[in-house]
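Visitor: The lines below spell out each chain.
There are 2 protein chains.
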Amino acid sequence: MPSPQGLPLAGLRIVELGHYIAAPFATRLLADLGAEVIKVEPPEGDPVRGWGSTVEGHAVWFSVHGRNKLSVTLDLKKEADKDRLRQLVRRADGLVENFRPGQLERYGLGPDALHAVNPRLIIARISGYGQDGPYRDKPAFGAIGEAMGGLRHLTANPGQADLPPPRCGVSISDDLAGMYAAMGLVSACWQVKGNPEARGRVIDVDLVSSVFSLMEGMLPEYGLFGWVRQPQGAAIKTAAPTNTYPCADGKWLCIAGNSDLIFRRLMAAIGRPEAAADPRFATNGLRCEHVAELDAMIADWTRTLPAAEAEAVLERAEVPCSRLYDMRDCAEDPHFRARDMVMPVEDPLLGRVLHPAAPFRFDGVAPRDMVRWTGPAAGAHNRHVFEELLKEGEG
Amino acid sequence: MPSPQGLPLAGLRIVELGHYIAAPFATRLLADLGAEVIKVEPPEGDPVRGWGSTVEGHAVWFSVHGRNKLSVTLDLKKEADKDRLRQLVRRADGLVENFRPGQLERYGLGPDALHAVNPRLIIARISGYGQDGPYRDKPAFGAIGEAMGGLRHLTANPGQADLPPPRCGVSISDDLAGMYAAMGLVSACWQVKGNPEARGRVIDVDLVSSVFSLMEGMLPEYGLFGWVRQPQGAAIKTAAPTNTYPCADGKWLCIAGNSDLIFRRLMAAIGRPEAAADPRFATNGLRCEHVAELDAMIADWTRTLPAAEAEAVLERAEVPCSRLYDMRDCAEDPHFRARDMVMPVEDPLLGRVLHPAAPFRFDGVAPRDMVRWTGPAAGAHNRHVFEELLKEGEG
Numbered sequence: 001m002p003s004p005q006g007l008p009l010a011g012l013r014i015v016e017l018g019h020y021i022a023a024p025f026a027t028r029l030l031a032d033l034g035a036e037v038i039k040v041e042p043p044e045g046d047p048v049r050g051w052g053s054t055v056e057g058h059a060v061w062f063s064v065h066g067r068n069k070l071s072v073t074l075d076l077k078k079e080a081d082k083d084r085l086r087q088l089v090r091r092a093d094g095l096v097e098n099f100r101p102g103q104l105e106r107y108g109l110g111p112d113a114l115h116a117v118n119p120r121l122i123i124a125r126i127s128g129y130g131q132d133g134p135y136r137d138k139p140a141f142g143a144i145g146e147a148m149g150g151l152r153h154l155t156a157n158p159g160q161a162d163l164p165p166p167r168c169g170v171s172i173s174d175d176l177a178g179m180y181a182a183m184g185l186v187s188a189c190w191q192v193k194g195n196p197e198a199r200g201r202v203i204d205v206d207l208v209s210s211v212f213s214l215m216e217g218m219l220p221e222y223g224l225f226g227w228v229r230q231p232q233g234a235a236i237k238t239a240a241p242t243n244t245y246p247c248a249d250g251k252w253l254c255i256a257g258n259s260d261l262i263f264r265r266l267m268a269a270i271g272r273p274e275a276a277a278d279p280r281f282a283t284n285g286l287r288c289e290h291v292a293e294l295d296a297m298i299a300d301w302t303r304t305l306p307a308a309e310a311e312a313v314l315e316r317a318e319v320p321c322s323r324l325y326d327m328r329d330c331a332e333d334p335h336f337r338a339r340d341m342v343m344p345v346e347d348p349l350l351g352r353v354l355h356p357a358a359p360f361r362f363d364g365v366a367p368r369d370m371v372r373w374t375g376p377a378a379g380a381h382n383r384h385v386f387e388e389l390l391k392e393g394e395g
Numbered sequence: 001m002p003s004p005q006g007l008p009l010a011g012l013r014i015v016e017l018g019h020y021i022a023a024p025f026a027t028r029l030l031a032d033l034g035a036e037v038i039k040v041e042p043p044e045g046d047p048v049r050g051w052g053s054t055v056e057g058h059a060v061w062f063s064v065h066g067r068n069k070l071s072v073t074l075d076l077k078k079e080a081d082k083d084r085l086r087q088l089v090r091r092a093d094g095l096v097e098n099f100r101p102g103q104l105e106r107y108g109l110g111p112d113a114l115h116a117v118n119p120r121l122i123i124a125r126i127s128g129y130g131q132d133g134p135y136r137d138k139p140a141f142g143a144i145g146e147a148m149g150g151l152r153h154l155t156a157n158p159g160q161a162d163l164p165p166p167r168c169g170v171s172i173s174d175d176l177a178g179m180y181a182a183m184g185l186v187s188a189c190w191q192v193k194g195n196p197e198a199r200g201r202v203i204d205v206d207l208v209s210s211v212f213s214l215m216e217g218m219l220p221e222y223g224l225f226g227w228v229r230q231p232q233g234a235a236i237k238t239a240a241p242t243n244t245y246p247c248a249d250g251k252w253l254c255i256a257g258n259s260d261l262i263f264r265r266l267m268a269a270i271g272r273p274e275a276a277a278d279p280r281f282a283t284n285g286l287r288c289e290h291v292a293e294l295d296a297m298i299a300d301w302t303r304t305l306p307a308a309e310a311e312a313v314l315e316r317a318e319v320p321c322s323r324l325y326d327m328r329d330c331a332e333d334p335h336f337r338a339r340d341m342v343m344p345v346e347d348p349l350l351g352r353v354l355h356p357a358a359p360f361r362f363d364g365v366a367p368r369d370m371v372r373w374t375g376p377a378a379g380a381h382n383r384h385v386f387e388e389l390l391k392e393g394e395g
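These protein sequence lines map, in sequence, to chains A and B. Residue 174 in UniProt numbering sits at position 174 of the first sequence, and the numbers go up by one each step. Residue 84 in UniProt numbering sits at position 84 of the second sequence, and the numbers go up by one each step.
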């Protein structure tokens, strides 16, 4: 029985003082969940609007990155605009910001000043290194979270000296910090809801810790044994064969053939049934000892087929595998399409565009209904917000 | 003025039917935030307890992965134990599970059955591909999210045919799905709090969509222009010089020297002030055209110094940079230590271990107070939960 309750955060009011990725990503998730998000931009707009491709001056990425938000423009150096911000804060439940530490205070809009206006406000702050500590004021460029958080050391082929470990390929540290900020903020809102005595609070989220939070058991293992995990490339040391193999079309196929039963099916599928019976490959432990030989055998086969064909053969043999999807593969995939994970949306600024669904789906809400509108032009909602929403509040 | 309100989710009651990574990571975040999490394990324990190193049979990772949770053991094939689970569900606000789609239903514990016991329960379900769609029943191994979500294609050096694109190095797709499940669950809890009419609901989160959600503007750009983003290695096509450079000790240093001012400081710091004045390198656009020459110049310098020394030189010159931290670098870093991001904790099963702090900090709560206890042995709280908590509920 689907829930008739609509979007879970309908009625929650959020002010975004964000730019680039981390804070805007946090509020986009909140907006997808149904919150009212008022994005406050400088008169010239969030500089992220200058990134990537455009259609008639409108950034394509922003169609997604700014969706479901109201955009207003304010010049926070002007007293009249600070007043308007304070009006927005007065009626808000939460605020998300990612200025450099100290910048909000220099505007006279630090947590104390905001709590003077609205003592119940939940303030989520995102920064490179956090609001205190010796590195607080160091410049935090995008890749720092990956590097200092320990991820970039691992995203590499072992012993490869000629080429550097690649970046993750997306703004992973900003994304993670945005997700943690959103989660912390909703948690604090849950706490104060319905409690007239509750006060607002401040949440401090940083990029480096957000990445570091994913380092599994590596920290206690270092502390106990002095172990330092090293990169493993596309393989897993303790399982074989599982790796990523080159195909005839230059694409790659990821195959997990390491359980005994699957290993036998894999060897049969690639025309090497004798290897399935070879006592040298009888257990995962033995296969790990002979992994180079097994990987070569599998790659000899994958090199003869385009990745999609090799994938189809192994799927019929019930061997877990996936080719490495590029954006065309994602956009055209029947599962993504069937689940509306990829869906056409009308954008009044860009025309018909493809949007990804929100990354969570709720019974009773179709993924399409979670894209209420596409990213608006900077200041598109000035009139609506300042002449309607704020007046309602006075009524 | 720090908030005296303690942990934000204190009082929220969660049942975990999780194993391996995604669901247990979701509930660990909820537990760090103060929720009561009862982890239901099979009598032999969550199989993740068999991963990685151990001390006297106790998994080291589980000290972190299971912290702040209560562990009970139940055999969900037995009717008496299903009854006990239903008793836990009756008093819970939320439940997180990551069985394969259909498994919970086969136990007779699907959403309808759980809502019959507790109509207000919020159920977050995590799976590889989601609860419906053509791939629903495909085996979802760990790397699939990275591969099908589009990340693995990007985490690569361009044109590198001899070695496969490396894995991300951590269980990124499980982690992301866990974070989205936790965020969705708290949002739904916010919605029902204080509303006696509200009903429970079901949230569907999957690994592939969780990764795909980070693909920035790539989907609308493919839809509009047919563009397919290709891997960029450690460089950024539109900024120069910014890359990752080899050092004398075999480590790598990530440097972002692409703004005009920083570029001049960088060239002076590496002893090439004449390059700062070279008209061929006067703007970012020109530097992008000559990026190979610039990268070679910088690498010639970094190769003469260990990474930490090169980093110190550039930091004094105010050039943003970071060496690629391994776990020793993280554990010993003064900023991580000062912020209690790395902290010693007494684990009754393991002795003194290092824990990472929770990835969000709240005013009024010290990071140390967010580690209330370390990951317990399987079933450690059977007596407490079944003989105390459940009896209280009857009172």
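Rather than coming from a laboratory, the hints here were simulated on the basis of the structure. Don't take every hint at face value.
[Said to hold, decoys possible] Calculated cross-link-like contacts (lysine-lysine; reagent style DSSO-like; alpha-carbon spacing at most 27 Å):
(1) B/391 x B/82
(2) A/193 x B/193
(3) A/77 x A/391
(4) A/138 x B/391
(5) A/391 x A/82
(6) B/237 x A/251
(7) A/251 x B/138
(8) A/138 x B/193
(9) B/193 x A/237
(10) B/237 x B/251
(11) B/251 x A/237
Visitor: Is the Cα-Cα distance between residue 138 of chain A and residue 391 of chain B 27 Å or less?
Guide: violated (54 Å)
Visitor: Between the alpha carbons of residue 251 of chain B and residue 237 of chain A, is the straight-line distance 27 Å or under?
Guide: holds (22 Å)
Visitor: Would you check the hint for residue 193 of chain B and residue 237 of chain A, treating anything up to 27 Å between C-alpha atoms as holding?
Guide: violated (47 Å)
Visitor: Check the hint pairing residue 237 of chain B with residue 251 of chain B against an upper bound of 27 Å on the C-alpha distance.
Guide: The hint holds at about 23 Å.
Visitor: Would you check the hint for residue 138 of chain A and residue 193 of chain B, treating anything up to 27 Å between C-alpha atoms as holding?
Guide: violated (41 Å)
Visitor: Next pair to validate is residue 391 of chain B with residue 82 of chain B; report whether the Cα-Cα distance is within 27 Å.
Guide: holds (17 Å)
Visitor: Given the hinted pair residue 391 of chain A and residue 82 of chain A, is their Cα-Cα distance within 27 Å?
Guide: holds (17 Å)
Visitor: Keeping to a limit of 27 Å between CA atoms, is the pair of residue 77 of chain A and residue 391 of chain A held or broken?
Guide: holds (24 Å)
Visitor: Quickly compare the C-alpha distance for residue 237 of chain B and residue 251 of chain A to 27 Å and report which way the hint goes.
Guide: Distance ~22 Å between residue 237 of chain B and residue 251 of chain A Cα, so the pair holds.
Visitor: Given the hint that residue 193 of chain A pairs with residue 193 of chain B, does the C-alpha gap stay at or below 27 Å?
Guide: holds (7 Å)
Visitor: Next pair to validate is residue 251 of chain A with residue 138 of chain B; report whether the Cα-Cα distance is within 27 Å.
Guide: Cα-Cα ~22 Å, so holds.
Hints 4, 8 and 9, counting from the list given before, are not met by this structure.
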